[in-house]
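Residue numbers (my numbering), protein chains in the order written: chain A, 72 to 251; chain B, 378 to 593; chain C, 230 to 423; chain D, 652 to 985; chain E, 154 to 420; chain F, 89 to 546.
Simulated from the structure, these hints should not be mistaken for lab results. Since the structure is predicted, the reported quantities are computational estimates derived from the model, not experimental observations. Any given hint might turn out to be false.
What the hints assert, rightly or not - Under 8 Å between C-beta atoms, here's a sample of chain E residues computed to sit facing chain C: (1) Ala160; (2) Gly168; (3) Ala178.
Quick reminder that beta carbons are idealized off the backbone N, C-alpha and C, glycines included.
The residues making up each chain are set out below.
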Amino acid sequence: MGAKYFGKLTLILFLISAVVAALLGAVNAITESRIIAAKREKTVSAMKVVMPEASSFEEFGYKGKDPLVAEIYLAKGSSGSIGYVVKVTPTGFGGAIDMVVGVSSAGKVTGVSIISMSETPGLGTNALKDSFREQFVGKSGTQAVTKDGGKINAITGATVTSRAVSKGVTSALEAVAALS
Amino acid sequence: MNIGKQFKDGLVSQNPVLVQLLGMCSTMAITTTLFNGIGMGISVLVILTCSNVVIAALRKVIPQKIRIAAYVVVIAGFVTMVDLLIQAFVPELSKSLGVFIPLIVVNCIILGRAEAFASKNTVPAAAIDGIAQGIGYTIVLVVICIIRELLGSGTFGAGIFGVNGGGIRIIAEGYPALFLILPFGGFLTLGCLIAFMQWTANRSADKARKESEAAK
Amino acid sequence: MIARILSISLGAILVENFILVKFLGICPFLGVSKKTDTAVGMGFAVIFVMGMASVFCWLVNYLLLVPLKLQYMQTVAYILVIAALVQFVEMFLQKTMPTLYQALGIYLPLITTNCAVLGVALLNTQYNYGLIESLVYGVMGGVGFTVAIFLFASVRERLEFADLPKAFEGFPIALVSAGLIALAFMGFSGLKIW
Amino acid sequence: MENKLGTVVSPSPHLRSPAGTRNIMLDVIIALVPALAASVYIFGFRALAVTLVSCAACVFFEWGYRALMKKPQNVGDLSAVVTGMLMAFCLPVTVPYWLPVIGAFFAIVIVKQLFGGIGKNFLNPALAARAFLFSWPVLMTKWVAPFSYSSIMNIFGGADAITSATPMGALHAGLLPNATVAQAFLGEIGGSLGEVSALMLLLGGAYLVFHKVISPRIPLAYILTVAVITYIFPKGEADRLSWMLYNLFCGGLMLGAIFMATDYTTSPITKLGQIIFGIGCGLITVLIRYFGTYPEGVSYAILVMNTTVWLIDRATLPRRFGGKPKFDLKGGAR
Amino acid sequence: MNNILYAILVLGAIGAVFGFVLAYASKVFAVKVDERQEEILSVLPGANCGGCGFPGCSGYAAAVVEGRAATNLCVAGGAECTAKISAIMGTESGATEKSVAFVRCSGMKNSVKKYDFAGVSDCLSASLLPGKGPSECTYACLGLGSCVSACRFDAIGVIDGVAVVDKEKCVGCMACAQKCPKNLITKVPYDAKVTIPCFSKEKGPVTTKMCSVGCIACKLCEKACPLDAIHVVDNLAVIDYAKCDGCGACAQKCPRKIIKLADMAAN
Amino acid sequence: MFESFFGDLHPHDFKEATSGKASRPMAAPPYVVIPMSLHLGEPCSPLVAVGDYVKMGQKIGDSKAPISAPIHASVSGKVIAVEPRLHPNGTKVMSVVIENDGLDTLSEEVVPHKSENLTDPEVLCRIVREAGIVGMGGAVFPTAAKISSSIGKVDTLIINGAECEPFITSDHRLMLERPEELMEGIRILKRVFGIPFAHLGIEKNKPDAISLLRSKCGADIKIVPLKSAYPQGAEKQLVYSVTGREVPPGSLPAAVRCVVFNVFTAYSVYRAVHEGMPAIERVVTVSGDAISNPMNLICRIGTPIERLVEEAGGFRGSPFKLLMGGPMMGSAQYDLSVPVTKGTNALLALTSRRDRSVKEPNCIRCGRCAEVCPMRLTPMYIHMYEERDDLNTLEKLNVMDCVECGLCTYICPGRLYLTQSCRLGKNKLRSAKEAAAREAAAKEAAAKKEEEAIKSGK
Ligand SMILES: Cc1cc2nc3c(=O)[nH]c(=O)nc-3n(C[C@H](O)[C@H](O)[C@H](O)COP(=O)(O)O)c2cc1C
Ligand SMILES: Cc1cc2nc3c(=O)[nH]c(=O)nc-3n(C[C@H](O)[C@H](O)[C@H](O)COP(=O)(O)O)c2cc1C
Ligand SMILES: Cc1cc2nc3c(=O)[nH]c(=O)nc-3n(C[C@H](O)[C@H](O)[C@H](O)COP(=O)(O)O)c2cc1C
Ligand SMILES: Cc1cc2nc3c(=O)[nH]c(=O)nc-3n(C[C@H](O)[C@H](O)[C@H](O)CO)c2cc1C
Ligand code: SF4
Ligand code: SF4
Ligand code: SF4
Ligand code: SF4
Ligand code: FES
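Just chain A, with the same shape it has in the complex (with noise of 0.2 Å):
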């Protein structure tokens, strides 16, 4: 037991770990490129459920302050751009709500679409369903639930959940608007 037993122990972790890594670094090389696809399909998807008319979406560089905001895309539609499209991550019930709202040029909600949640589901959930997302079609400015003076129909059980969209709509419309 001596130099040679510390040569073993490390040589063998050594050797495990890179063969290990090998692997890993060969699985990474097959799989990165459809993860990164596969996840921004899903945006781009939701893009397209928020501005159909859409034929592609550039990529907008967003220098505002407000913190919902993460991402906005420029939607070009055949005959130029037609909209903006907004990510925002308002915080539910259970946690960060990331959501797309397509903002037509005239500063109308197009449509909103919710790429992933962590609500409670069959109550915070419910705000996946039409019936819900389609009363911001067309509203612009602040929106709110009726309970706090506003417009929108919160979601039986679920205040929080409903209140949160509104706020992540309310941040699209106002970060397009300066961005006019």
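Use these hints to put chains B, C, D, E and F with the ligands onto chain A, whose structure you have.
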């Protein structure tokens, strides 16, 4: 080597969840839909089998002192591979299992089997052990999932079939007991399941005893 | 910064308790909770290891993995760090501080395979916490674990006097009790002070 | 062969106080009647119907479980009736009748009898059931305004009355409710079935204290803690005094402090322990009311403190007669 | 490809570093432990599940070695594991002659009852009552079963008011004897052919009045025994099993027929 | 009968049945059974044999042990048996049975102690011992031993006239009927201890006794009215009520410089000194709802209790329990032949109407037992840990402090036998300690033997 016994151990007498009480975290955290359960079960099955094989193969090479570290690296390697593959090919599953896929690394079942079985047995035996234990795990997971999803969300198989992957609705919306898909429900369901198992075990033991006494 | 630390602490202890809400570290929670004394010992060991793991994993991540774009290896690297760290600390304590080892060290092997430890490292990364925040989250997550296991152990001590159906003896009733404690702790959900 | 005298031999003492478990429970039921009456007056007969369903279900499950498990029956001690009443008291009057039945199952079978029945459970059955019933949050938060619901028909009719805000919702938002303090005290406000009339609850509490069923330690410690904190730290622009008073009279504080935090089985038995328990409940209640997502924190505060009872008792065992003070400066802890 | 190289280097380096550190630590911090502890650790499943109530497998192993824990606590390992641990600890029951518990009383139903009693159904409790319990005979079994609840093997039960040991189930741990306030339970060989279920040390006439199956110390058995295996001590006949061959001469002579032969008892 | 509100510390006292009636001297019975154990400590050996003629007040039993008191004949007549007889404690105890000749011929030993120096503690101790005086408050501890062990260590003399147990009024009647003699007895004790004045504690439910004694006592005896609360008469509680001092656990009142005597004890001291009469008589309250005509009887030690029942008009209805002593601490009897002893302050017969025990006692954790326990214990926890034989915890719960007052059992709505649990706990703890001590001694002996063997081997 006795394949029958190994399977019986994995499924019943040494069931990792119900008897050995291993891997509790994921068993309770993700068992809210059948989709999650099957996904988790299969992931664990694959990882368990692979790591069992590798560890059994290396069992003569790895010195005692770095045993745990070495096992852990091997296991973590497989976990990450599975994680990456799931992210790439079944992103929805990755989303709903979240941090619990990487946490398979510390799922006590895998390290437990590595230490208890793979490090002392041949490669084929280790492989079979991995499969048997993995299936035992998956079955229990699926049972818990079905109960919790049915009573908690009122659906069956959300994420697998049904309109928009919403599953088949069995209990009308607004009636299921929401809390069963929360942590509370996880503890309660598993507790009742194990109690049920102990009850059947007691009953069959009682029966056996009565029979033997009657025979006397 | 102080508000941030307090808010992380409150979250980790009450609101998003590792055991009762996040479901991380259930095995030792169920296993080492028969007596309050052992439960507390385990709790302190977890605090210690979660704090250490948070720091070391943060260092490995931001000094090695991120610059080299190897984030996909986080899990492997973290668990290796944790396993080695725990084993090292155990040996170290056993030799140099036998009394502390008696109090803490004996729990250490149990912690390597504890979801809470790897979990905290992964969550630190997921939440983009800085070094200090990671440390706070790790330690406070451990405190949350300790609170939960201490209460649970006291409830289990009381359960020794309960009159249970045979089928529920042992783990089933422990699980049901843990569930009921989780139910009580739901009152803290969403608590936000700072 | 028997001895000629035929007397029974037993260890001393040979006298027992007249108060058995059943008398005590009967007293609690009597103390709850004024609040129930107020509730019927304010919300109509449906309040009574919900309470009866809840009690009947509790008694049924208590009896059924013990019959099924072949254990000696003790439904006669009436504790299930108390549980039933108290559980009904923290539900909205609009709940469909199947909800208290499920609650009764949870309270009696899972929380109480599974652990061995009266005296053995570690959580308050009624409160645990209420917490569990939030599995149906929509049903559990359908509140009605006082007196909007008093026709006899509503016993059978569905719960179609208009949902209305409760004072707790306003307080949660940092606003004062639009009822007067007097209305809040008398109970002309929305809220759970039995919690609305602070006056009637206090009456019941006085009865219990007078009959020595409960000691005032827990309720006083609890209510005073809430009073002090809400007075020192009012929320929003409210003036201290009315903020404090609304916080005391609205929501479940009185019901919880007088009838639920005092539940024997789930509260400490030592005097000091009871005070600590009450203060703990008060602190957590305010914490949840001020900073939590739920507007009301009483039930969770009591449940959380329930889990600490064993520890509190152990830490506060009374100083033995003739023993050294627990903490004397020289000797340290006993 | 660079990426994979980095991966290998980084993870390999971490591995190597820790391999070295652990090797170093294992030398520098080496602590001698009981070999049996290592052995036990190696037969434990290593799941560190804590099911045994100890902090992890090594905690349990240490506890077993130090005698603080039984060998059968590992939930994950099951019976197999228990057997192995017992083997390591050398606690398998040796080949000593099996002995079982025996209750030296035939029961209150045969003896005069002094009074009805109320209170805790517990033998010690009843024995503290005035008159040391409801039976006129202060030596009699109280039949309240304190011994029954002490037995972990379900080997003793109260039948017709007197405790009776099922010698097939009894393992001779004598946990029951410790609980009996009347000290009625004693050890007898598993194959004892003759037993005397009485413990009354009262003088003959007193016993006669109290109990129809009590030893009256008449000494007829003593005289009948060809092997000098039975003696009356303190007004009570006692068998010396080292000498007794089960001939039954004493039983035949006993005027009260209280000496039981094994084959008779079986009926 | 009206009973007090539950939860009250003070059980309804039922004293009115006998408190207003003058005590009635009872004719001596045809024969008396005098057990040789009428006190705490070593039993006496009989000094007489069958056939002997004894006179009233003659010493018939004595022992050399330091903790003991001699026993005297309570009638004159022929000894007809010296054999074990049933004692109220349920065991058979060597007893002297005397056939009463009805003459009550006084023994020559009975002479007033006039000439002796009564302030000398040694003299007084001798007189008290020779008179066979033991604590008449129930503990039957030899009074001479108590005096000699406390002399010089106390600054407060407390006379116990609390009589807190329900039903019993024997001390009450004594105070009303023999105030002068009582005062004189107290003064004798006071002088012995060299204390300027004595405290006489009386519960407030005896206002007549308080006012009577107040009018009779001088400045040297202070009447202390006490709250009517069971167990006000228990030594430690009485010391606390009178002086505010708490007797430490496991100690006697002398540890806080107090000494306590029962009123009947003080009265007996008076009689021994001024009349030379040993303790052969006492007042017994015969009461309870199964007794036709409840009353206080002055009766001879050794009278079979069946005579007392007869004297009080016999049973009314069927007695469910027959108690010697009060309902809280007295012991249940099952045989009417047992004799009155020096500690018998009451004989009670109760009907089943008052039996509130249930088949399945069940603790509801109401905490009342802990609230009422005068020693501030937690009986419900003691019960729980006693059931599981957890001796360590029992010790931590101070089970040894329990004075077995019975209050916890009285108050318990779940109808548990808490006092019995405490007794069992104490019993188990004591036997465990004894076993441990025995084991330690055996080990030591073995070690010694080994050592010796080694030595001798060398
Ligand atoms: C278990 C549970 C889960 C909940 N999940 C959500 C949720 O996902 N989204 C939400 O807005 N509120 C959620 N709530 C919060 C309550 O429903 C809350 O009272 C409600 O948001 C406000 O009440 P209201 O909708 O009746 O005004 C949840 C409550 C509970 C008890
Ligand atoms: C867990 C929980 C407990 C509640 N407890 C009470 C309560 O005890 N009393 C009450 O009046 N309202 C209670 N509420 C109901 C809320 O006050 C309800 O959501 C109400 O509608 C909120 O008012 P808002 O609509 O103005 O926000 C509770 C809600 C939740 C989620
Ligand atoms: C619970 C309890 C209650 C007692 N009650 C009385 C009582 O009412 N009167 C009394 O004289 N002694 C009572 N005693 C006995 C006293 O503690 C003490 O032994 C006695 O007063 C000492 O006087 P003595 O030695 O003269 O009997 C009681 C003891 C206990 C434990
Ligand atoms: C003062 C008092 C308060 C009680 N409070 C409750 C309660 O809040 N919830 C409940 O389920 N039972 C309550 N009970 C009834 C009973 O004690 C309860 O069911 C026990 O917890 C059952 O073990 C109460 C009883 C009393 C005497
Ligand atoms: S306790 Fe032990 S000795 Fe007694 S009967 Fe049971 S197995 Fe036999
Ligand atoms: S043998 Fe002893 S312990 Fe058993 S029932 Fe008889 S008296 Fe009780
Ligand atoms: S009997 Fe003992 S435990 Fe019970 S109240 Fe009296 S002193 Fe306390
Ligand atoms: S033992 Fe009796 S008095 Fe004590 S807490 Fe339990 S029910 Fe109450
Ligand atoms: S699976 Fe999480 S700690 Fe075991």
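To see whether the hints hold, each was checked on the structure:
no., hint, result
1, Ala160, "holds, 6 Å"
2, Gly168, "holds, 7 Å"
3, Ala178, "holds, 5 Å"
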